[in-house]
Every structure is written in structure tokens, then in C-alpha cells.
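Novice: Given next are the chains, with one letter for each unit.
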Amino acid sequence: MPEDREPTAAPGQAVRHEGARLPARGPQFEVAARNPRRAEGVVAVAFGASLLSFAAFGGAYWTNADNFVLGLTLGVALAAFGFALTYWGKYLMPRGPFEESRPMMATTRAEREEMVADFALRGKVAVERRGFLAKLMAAAGAVLGIVVAFPLIRSLGPKPDQSLYHTKWRKGSRLTTIDGQFVHVDDLDVGGIVTVFPPDDIGGAFSQTILLRITQTGNVVTEPGRETWGPDGYLAYSKVCTHAGCPVGLYEKLTQQLLCPCHQSLFNVLDGAFPVFGPAPRPLPQLPLYVDGEGYLRAQSDYLEPIGPGFWYRGGSNVMYK
Amino acid sequence: MSAAQADGRAARREESAVERLYGWVDDRFAISRGGRHLLDKIFPDHWSFMLGEIALYSFIVLLVTGVFLTLYFVPSEHDIVYNGVYGPLRGQTVSEAYASTVNLSFSVRDGLLMRQMHHWAANIFVGSIVVHMLRVFFTGGFRRPREINWMIGATMLILAIFNGFLGYSLPDDLISGTGIRIAYSILESIPFVGTYLAYFLFGGSYPGTAIIPRFFIIHVLILPLVILGLLAAHLGILVRHRHSQFPGRGAREDNVVGSPLWPAFAAKTGGFFFLIAGVTALLGALVQINPIWLYGQYYPYKVSYAVQPDWYMGWLDGALRVMPSWEINLPGHMVPTIFFPAVLLPGITFGLIYAWPLIEAKLTGDYAEHHLLDRPRDKPLRTAIGAATFSFYFVLFGASATDVLANYLTVSLNVVLWAFRIACIVVPIVVFPVTYKICREIQETPGAGSRKRPNIVVRSAEGGYEVVPSEEYPGYVEREPDLEPVPVEEVDVVGAMQPEQEETPEGIYRIPRVFR
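Quick note, the sequences are listed as chains A and B, same order.
If you're matching positions, the first sequence starts at 1 in the working numbering and goes up one per residue.
If you're matching positions, the second sequence starts at 1001 in the working numbering and goes up one per residue.
No lab work stands behind these hints, which were simulated from the structure alone.
Heads up, a few of these hints could be off.
Cross-link-like lysine to aspartate or glutamate pairs, in silico, EDC-like; alpha carbons within 16 Å at most [what the hints assert, rightly or not]:
#, chain 1, residue 1, chain 2, residue 2
1, B, Lys-1041, B, Asp-1026
2, B, Lys-1302, A, Asp-271
3, A, Lys-168, A, Asp-200
4, A, Lys-90, A, Asp-179
5, B, Lys-1041, A, Glu-100
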């Protein structure tokens, strides 16, 4: 707080040195600390610690020390500096309380009416007899607004069109691993599992398919109408969860269930990957398979329904391509 | 040279260099005339008013550390072969975004510290906004005239959550990539426009190569700029309204009681910034966060176990888990199940937050201007509503750990999930009456909330005992204290600002101006 001073200038005269006129000092100007000497000591120790620690941080940086030393020195230095300053402010400065007045925000009706009237009057004068110009300006502005939105939004990406309904699987696509190996019917043991893709979309986010072997021989039938889909004990399901699209990556061999690790939906492999637990609303679509003459696994066709999570244009939950 | 100018020169010769510099600036901006009020601006002393300061200062830490990170991070999904210092990754094909994040962690001096500080500061930023918002809610600080500032704050919370998500998605690691996949599905689930939004944001089908560069520019430029603008408005409105305060200690609706900006508040709040920066640095040094080199590069067909987002996304993740698998099937169209927990729930949540000041005014019929805050116990209904609502989100937050809890407690996932499904309905129903009752009880407890002064038992020479109250804490006053009014300089602003009035020349209309 500045010292008391007599006003030296007449009101209204702008003078730099005039200074504030504070009344006589009351108890509010005393410091908050009971023992200011001790408080000074605390602040001094903290500033000292921060000084040393800042220097230590510089040294640690210079010698390329590891993250632990760098962060510890910097953290202690900053925290000690901050503590000292806060402590100083809290205990060694006028303890107050001080008061200032607060004007209410609410304005009077007269004030508002004056403002509105002035605004309206000037606006009226400006557009009087020029309504046509105002309308033209509004029309130009509206067209600008609409046209500007085109490049800002429409350039961002293509329209979804049909891409959401199909994957890269085709009739005859060989089941290919991430390493580019075609999967042969002898490759998996019973209980085995591998992620496969069509050969032209290896690593594809939508084509990813999980291939499991359930039995050694015979067709695995999961649903009526899927009699030929699981040759030689193999089953293939879309790996994209029908809930939120995570890869359904965990297979519980014992219960023959697939688990999505994101939100814990469980799918029964033997029952057409029907969701038995968790938030997933629909089964994982099954990929129809066949074994070619050389013993390689191939797809009979693309998935017969859109894979992955739902979307507005998908249609009902049981939609199937005819 | 006029006499006045000569006087000024003579006076200036006696000034120190600093005074002359200040004088030079002051002659150009007249700081001494308006700035005096700034020195005297009063900030009420209450610990709960520092919660917003934590948000402000962690945002500054975010800006500083974030600028450092942009110097080294490469926002690109191009594949390169990693050839850096981290052994286990050498020779693997990874994206440039992932490789540059690993490199700035291990090869750039101070890089890991800055990265971890940045991530910690982000968590603290969102956390302090939430706690600050709870303080404002439970004390009624959102009431007239502060409704719009409350809404600005709510907007900043949404943006902070979004920007946090964008930020931790940038390294292109396995866990964040899974989060982006979920975000894509959520976007896709919106009726009518969802698939278009997803395709426009991602530049086509998932995953594409556009998303990391796009997230980057939104994360480092667009959202920080918007947050900065809103922050300026938030603080500007605070200055305009002056700080709200708790009743007692002489505080009334028409005054502000506390410490002046200069020097006490400046020292305290300036020190507080360094304290927060220091704590963030210590966290960055001692507590590992987001070790992406352990997660590995993201591939759409790979997934990790125990995938949890950062804490502020937890309630959404939990909602995704506890939501039953209901969908709405319409002819040719559908509303997917994730729309409800991931779009509708946040929409309702923030809709309620935005509208609450208006809802409460409508319910209570109290449209008056308030600058004195409520004690939460004095508004038991609002406090109970707030506590019950918050408990609902807290249960959802817990539900984001169903898999971890099931593992840890060796209980079936089934049991844990159903426990949370039931809890998110039952807990709020229990919390509401309990909170209400507690508020009522505190109201009836005499002296509740006032600072307790310890009593000292003194043994006299004769062996008797006497109880005396301890010395009062300096500066603490129970009731009406002597307040030190800030001297209001009665400056004739109009007279001071304008040179001697001359008659307005012919042909110019003089606008009558009143300074308020």
C-alpha cells in the first residue's frame, strides 16, 4: 500500500504523481502472521530451496539426466517458488479485510428505453426509403452463408454411399493372414483362431474376419440356412463388434465364446455369434466359407448383411441381402 | 516551449530510469488514471475460489508444454520403419505419428517430462473444471447475473473434454486408436446425418489417413483458440460482475470483501500458478502416464485388454457398458444402441447443465440478482438434486472399470455389470433423501460451518483448572468486522480525458457523452 499523501493537484487535473489518498492505517494493514519473523524465515527457506532446485534442474538438463531427475528438480523448484510466494502473500501482506462497493447489474427501464430508442431511431434513419437495399444485402449475405459452407464441409470427405454395406470379400476370396499366407484347411488345430482378410485388403478395418476351428471334420451349422457355411469344422465371423466397432479379439476356448475387450460383449460362437451378454445388440455376421480343390479356405461371397455397429440407413437388425 | 512543458522536463530529470520509463508508457496509455482501480480490485478470500484458478493455471501449463510437443510431433499416418533408441520397437513398421511420439519421449531432452506434464495437466484441467463447476452449482453461483458465465464455463468443459480426447488420440497407439474407432461408431450412430458426419470428419471410410492430421490441427489450434476466447470472456465477465462471495464477515450484496489485487492477491495467485506447475512437474517425473511404447502401434484389427479411456471419458465408457442392447428398428432405418448412451445421454447432460440456471429460477420464482453465495445446506433441495445427479455419473464412471473390477474381485463380469446397472438407478435414489436430511440436520446444528476456536485448559497455581478460549486467529472475524473501504478516487473522468472544451465548430454534431 502506498504511503498516505495529501492531494497535490486539483480534481480533474491528470497528474502522474498524485498518488492515492489512503486513510490512516488500521489493523487491516497489519500482516496476518502472528510471528512475522518466523514467516519470513519460511519464505526465505522456500525461495532458497527453489533457487537451488532450479539450478539443479539446469545441471540435470545439461548432463541429460533421466526424466526422474529432471522432473523432480523442476517440480520441487516450481513448487517451492510457488509456496514461498503464496505464503508471502497470505502471511506477510496486509491481512484485510478490505471492501469495495459493487454496482448492481440491473439497469433501469428508462436507461434501456433510451438505448433502444436511439438504436432504432438511427437504424430507421439509415434504412428509410432504402428497404430494397437492405433486402438485397440480406439476400447476398444468405447466399454467402450457404455457399461458404460447401467447401468447408463438403470437401472434407466422400459421401458414404454403398461403402458401408459391403466389404472387400468376394466370391472365391482366399482367407489370407496378415502375413499374406493363404489359410489351408490343415493350418488350424481344433480351438485354433486366426484373423484373416481378403488378399486385396490385408489389414482392412472392415474386412477383418476371425476364423476359428471348432471340430476336426464335418460342417459346422450355426443357423438354419447356413448348412454349408462352416466346412471342415471352420467358422468365420466379422471381427468388428456390432456394438461400438472394436475388434472382437478374445476367444474363450472353454466356453467357445468371443469377447470384445472394449465393452465386454460376449458372442456364442456355436450359435451364430449371437450376443449372450453385454451391450452388443446383434450377432457378428458370419462369412460363408468353402474349401477349394487344393484344400484352401475361400469365401462363398461377401457378408450377407452390413458388418459392425448400426447406423441410421442400415435398416432393421435382421436385414439380410437377398 | 510552454511553461508547463518546461516544468515537466524539470520534474522528469529528478526521476529514476524506471519512473521515466513508466512515465513514457503512461503518457501514451494513461494507466495511472484507470489502472488504479485494478490495484484495488477486491478478491474474496475463500479456499473454494481457487478451484477455477487451478483450471486457469493448468491451462497455461498445457499451452507451454503443448507448444514444446508440437516442435517434435509429426501428425502423419505414413508408415516408416522405426529406427530410434527404443530397442523393442526397432525394425517395426509404425506410423510417423507413433514414431515421433516415441522419439520425443526418449530422444528429445526433457521430452518425456514435457509429454507427461502435458497429459497430467490435461487430466487436472478437466478435473478442476468439474470441481469448480460443482462449487458454483452447490453455492448457487450460477444465479442472476451469472447465468451466461455459467454457460460459458459449461462450454469450456465440453471443449476441454473433446480436446483431451483428441490429444490422447494423436500418438496413434493401440489404446487411443481403439478409442477413435469407438468415436467413429458413435458419430455413425446419429440418425440422418451420422454416416455423413463420420465420413466427412475422417475423410472417408474408417480409418483412412486424414484423421491424425485433422485431429492435430483441431487439438493444437482450433479448440485452444476457442477456449482462450471463452476464457477471456469468462474472466471479463467476472471482472464486470465482481467476484461473488459468501455471506458473513461484512459481506453484503452491494460490496466485495477480501484482499486487494495488489499486492496480497497477486502474490497468492501468482504463487499458486507455480505451485500447480510444480505439482504437474512432479507428477510428470514420478507417475508414468500413457506409456505408448508399451501399447504398440494401432492397427484396426488389433486390440488390447483392459482398455480404459482417460478419466473424463469414463462416464461415457461406463454408460456404453451398462446400456442394455436395445435398438430402435424402423422400416429401412434404425437407431443403434450406442446412440442412447453416447449421444443422447451427453446431450441431455449438457442440456440440463446449460438450462439449470433458467430451470431453477423458474422453479423457485427467484429472478433477483444475487452476489452472495448460498451455503449448500441452506438450499437442501438443490443440494440433494445436485448430489443425486452427480452420484449417477459417478456410478457410470465406476462402470467403465467393470472388466478390471471383475478381475480384481474375481467375480463374474455378469455380476459386476448387473451390479452397476442396478446401482446407477438405486444410488441416486438413495443419495437424494440422505443429502436432503444431512442438509436439514446441519441447518439445525448451532455454529455449524464457523471456524472452531480451541479451548485451552489452564492449571492455576492453586491446582484449579480453568477453561479459556484460545486467542482469535488474526484476521479472522466471526461477525461484522471493521472493514477498510477502498478509497474511491473521485476523478472527473470527462474533464480529465478531454482537453479544454472549445466550442464545437460549425458543421459538426457533438455527441453528448456520459461516462458510466
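Novice: Look at each hint and say if it fits the structure.
Specialist: How the hints compare with the structure:
1. B:Lys-1041 x B:Asp-1026: Roughly 20 Å separates the two Cα atoms, so the pair is violated.
2. B:Lys-1302 x A:Asp-271: violated (24 Å)
3. A:Lys-168 x A:Asp-200: holds (8 Å)
4. A:Lys-90 x A:Asp-179: Roughly 66 Å between the alpha carbons, so the hint for Lys-90 (chain A) and Asp-179 (chain A) is violated.
5. B:Lys-1041 x A:Glu-100: With Cα atoms ~8 Å apart, Lys-1041 (chain B) and Glu-100 (chain A) stay inside 16 Å; holds.
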